[in-house]
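Chain order of the listed sequences is A and B. Per the numbering used here, the very first residue in the first sequence carries number 1; after that it's consecutive. Per the numbering used here, the very first residue in the second sequence carries number 388; after that it's consecutive.
Simulated from the structure, these hints should not be mistaken for lab results. C-beta atoms are modelled at their ideal positions from N, C-alpha and C, and glycine is treated no differently. Among the hints, erroneous ones may be present.
Stated by the list, open to error - Some but not every residue of chain B turned toward chain A, in silico, with C-beta under 7 Å: (1) P431; (2) G433; (3) A444; (4) E448; (5) K467; (6) D484; (7) R488; (8) Y493; (9) A496; (10) Q498; (11) L500; (12) L568.
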Amino acid sequence: MRAAWAVALVELRRFLRDRSNIFFTFVFPLMLVVVIGAQFGGGAGSGRVVLTDESSTLGQRIAAELDARDVTVDVGEAGQARETLARGRADAAVFIDDAAAAAFDAGDPVQLDLVLASTSGSSAVAQQVQSAVAELDREQAGVAALVQSGVDPDLAQDAWWDGEGQVPPARVDVVDVDDVSQAFAGVTGFDVGASSQVLLFVFLTALAGSATLIDARRHRVIARTLAAPVSAGSVVAGQALGRWVIAFFQGTYVMAGTSLLFGVQWGNVALCLLVVAVFSTVAAGAAMAIGAVLDNEGAASGLGVGLALVLAALGGCMVPQELFPSSLQFVASLTPHGWGYRAFAEIQRHGGTLVDIAGSLAVLAGFAAAVLALGSLLLRRSIARAL
Amino acid sequence: MGQDGTSTDVVQVQDVTRSFGDLQAVAGVSLRIAPGETYGLLGPNGAGKTTTISMIAGLLEPDSGTVQLCGEPMGPRHTKIRSRLGLVPQDLALYPDLKGRENLNYFGALQNLRGKELRARVDEVLEVVGLADRAKDPVKEYSGGMKRRLNIAAGLLHRPALLILDEPTVGVDPQSRNAILESVEALSGEGMAVLYTTHYMEEAERLCDRIGIIDSGRVQAEGTRDELIHLVGELDQVRMDGTGDLTAATDALQQVPGVQRVDPVGGGLVCAVADAPVHLAAIVTAASAHLELSDVEITRPDLEQVFLHLTGKELRD
Chain A
1 MRAAWAVALV ELRRFLRDRS NIFFTFVFPL MLVVVIGAQF GGGAGSGRVV
51 LTDESSTLGQ RIAAELDARD VTVDVGEAGQ ARETLARGRA DAAVFIDDAA
101 AAAFDAGDPV QLDLVLASTS GSSAVAQQVQ SAVAELDREQ AGVAALVQSG
151 VDPDLAQDAW WDGEGQVPPA RVDVVDVDDV SQAFAGVTGF DVGASSQVLL
201 FVFLTALAGS ATLIDARRHR VIARTLAAPV SAGSVVAGQA LGRWVIAFFQ
251 GTYVMAGTSL LFGVQWGNVA LCLLVVAVFS TVAAGAAMAI GAVLDNEGAA
301 SGLGVGLALV LAALGGCMVP QELFPSSLQF VASLTPHGWG YRAFAEIQRH
351 GGTLVDIAGS LAVLAGFAAA VLALGSLLLR RSIARAL
Chain B
388 MGQDGTSTDV VQVQDVTRSF GDLQAVAGVS LRIAPGETYG LLGPNGAGKT
438 TTISMIAGLL EPDSGTVQLC GEPMGPRHTK IRSRLGLVPQ DLALYPDLKG
488 RENLNYFGAL QNLRGKELRA RVDEVLEVVG LADRAKDPVK EYSGGMKRRL
538 NIAAGLLHRP ALLILDEPTV GVDPQSRNAI LESVEALSGE GMAVLYTTHY
588 MEEAERLCDR IGIIDSGRVQ AEGTRDELIH LVGELDQVRM DGTGDLTAAT
638 DALQQVPGVQ RVDPVGGGLV CAVADAPVHL AAIVTAASAH LELSDVEITR
688 PDLEQVFLHL TGKELRD
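Just chain A, same shape as in the assembly (with noise of 0.2 Å):
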């Protein structure tokens, strides 16, 4: 087991020794998560509304109200509000002229226009929006009521907040039953981006690491290190936990990352870090595998990171698989990526525990141990042809 360690242990410090690796294992997955992130919304809060005037009455009413739901406002004209929808950089604007909010001031009522963009929160905004509004509404009614029945208007005003203070703000709750909503519910696209670049670089950084098995093979290491006491089993074991340690290494990093950098919600780590755990053997035994049938290291390369591409997309890696029509999904199904996407999704969006989720981790525990077979056995051909 020592000397599997060793062979284990250099592994890694060549891993870590390629310059071109602290780009791609700790830069890169962070910029993806970026880009993934803010294309699928960068954020499931209440979405943002772009105001045309917030120096009026009506504008700054309208604002507190979105605020106090959690909705995201900004100011701009006209023009720049709708180039801020058309860009999709917000779900909804709300166009308040200088009628309207005169019209506000003077108690008449007043019709805005509400612009929605093409965003996939665009709809529940607008009822935020709307929400928002009918609240003011309600509160001119009321406050126009208690003057009628001959409450001062200064003190009709007061009187209202007071008691609104007393009740409970109403909520408005926006139930999407789109399924694809229904996914996506209590998560950020940083969240989704997070989970898909994890199965993506582990799969990624372990197999362009199959390089190195052919430079070893080729500079004739492994025949100098099989004429050292050590076994043949112990060169394999040697090479699988280099490689796994790798990927494990790589997953873990993008999970930090993203926690630290994103927010990003895990869950529960601990099931997370399983998940990662079992799918980083698929990709040592992949990378094995690659690294024995393959004499030409940048052949190696090119497939390894094909590959790795290839069966990311398949398996929602880089677009969302509840976006995929069944007959995706079920070849996302058949790769380690589409299991993974799904555990890590069950833990992520829905509180999964290991029941929930030992369905998927078996499915990846019998990728593992039939790839790392394969490899394994792959290996130990090439060894001996080495010799």
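Based on the hints, put chain B in the right spot on chain A.
Below, chain B without anything else, positioned relative to chain A:
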């Protein structure tokens, strides 16, 4: 000692064979190496050297025959005994992206060296090969000679009973080559058995106590340098340049004991003689009676000629 096949032999190879498909790479090789002995295994490319070495190193299982190291069976399934072996392959079996010391730490760890003992052994072999001041540099920044020396150092870490050096001086500068040869001489002097292969005949002549010439998977001849030369009947050559009666000189020289043949070459004569130093005075006397000699030169047969005689090929072929 080793020649007699005593129990003190570090290596005993007995009639090993090995085929790869239809190709019989080794067709019955036997050899023995005693402690402190340097054994040269010479042969043209494809003669079976590497396969023989792989079997001695326990990397390949012989189809038949036995290999014993320090009295114990050697083979792919016998891992423990391999701690008595140091292998320095022809290829630079090193990790170029790791530092020199890191490479040695790795190979030392494989030999179950740990902690202080490992550090001490690494420091020691770095001194032996003259790389102590470059130990912290990545191997890819080393010169060819430095890599070769580190390649040797990795085989010495655990003080093996047998050190196999497979063409350790290929592609190195004369200075590094000399350093390597001196290291090998020192190791042999310390009692280490060395199996040495090379394409440089002068290295074999300088280092090897005994030499085996292998061709077509068999050891064609084996012995000390002088034994091999006598074995193939190669003669010393005495070349004499001068002016005078070459015919009379030829007749006179043919009467000198030990002279086997006299041939005219250029403006002089060449005598083929069994042991030139012994007969040189009589030869010069006989020639001087008919020639005014300007130059006398003795050329003794070397291993290159023996090799050519036995294999029909130059060693570098």
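Results for each hint:
The closest approach between the C-beta of P431 (chain B) and any C-beta of chain A is roughly 22 Å, which is over the 7 Å cut-off, so the hint fails. Given hint, G433 (chain B) at the interface with chain A, is violated; its Cβ is 17 Å from that chain's nearest Cβ, farther than 7 Å. Because the beta carbon of A444 (chain B) sits about 5 Å from the nearest beta carbon in chain A, less than 7 Å, this interface hint is met. The beta carbon of E448 (chain B) is not positioned within 7 Å of any beta carbon in chain A (closest approach about 10 Å), and the interface hint is therefore violated.
For K467 (chain B), the suggested interface contact is upheld, since its CB lies about 6 Å from the closest CB of chain A, less than 7 Å. The interface hint given for D484 (chain B) holds, since its Cβ lies 5 Å from the closest Cβ of chain A, which is under the 7 Å cut-off. At a threshold of 7 Å, the smallest CB-CB gap from R488 (chain B) to chain A is about 12 Å, leaving the interface hint violated. Because the beta carbon of Y493 (chain B) sits about 5 Å from the nearest beta carbon in chain A, less than 7 Å, this interface hint is met.
About 4 Å separates the beta-carbon of A496 (chain B) from the nearest beta-carbon of chain A, less than 7 Å, and the hint is met. A least Cβ separation of about 6 Å between Q498 (chain B) and chain A falls short of the 7 Å threshold, and the interface hint therefore holds. The restraint placing L500 (chain B) at the interface with chain A is violated, with a minimum CB-CB distance near 10 Å, outside the 7 Å limit. Checking L568 (chain B) against chain A: minimum C-beta separation of about 22 Å lies over 7 Å; hint violated.
In terms of the numbered hints stated before, the structure departs from hints 1, 2, 4, 7, 11, 12, listed from lowest to highest.
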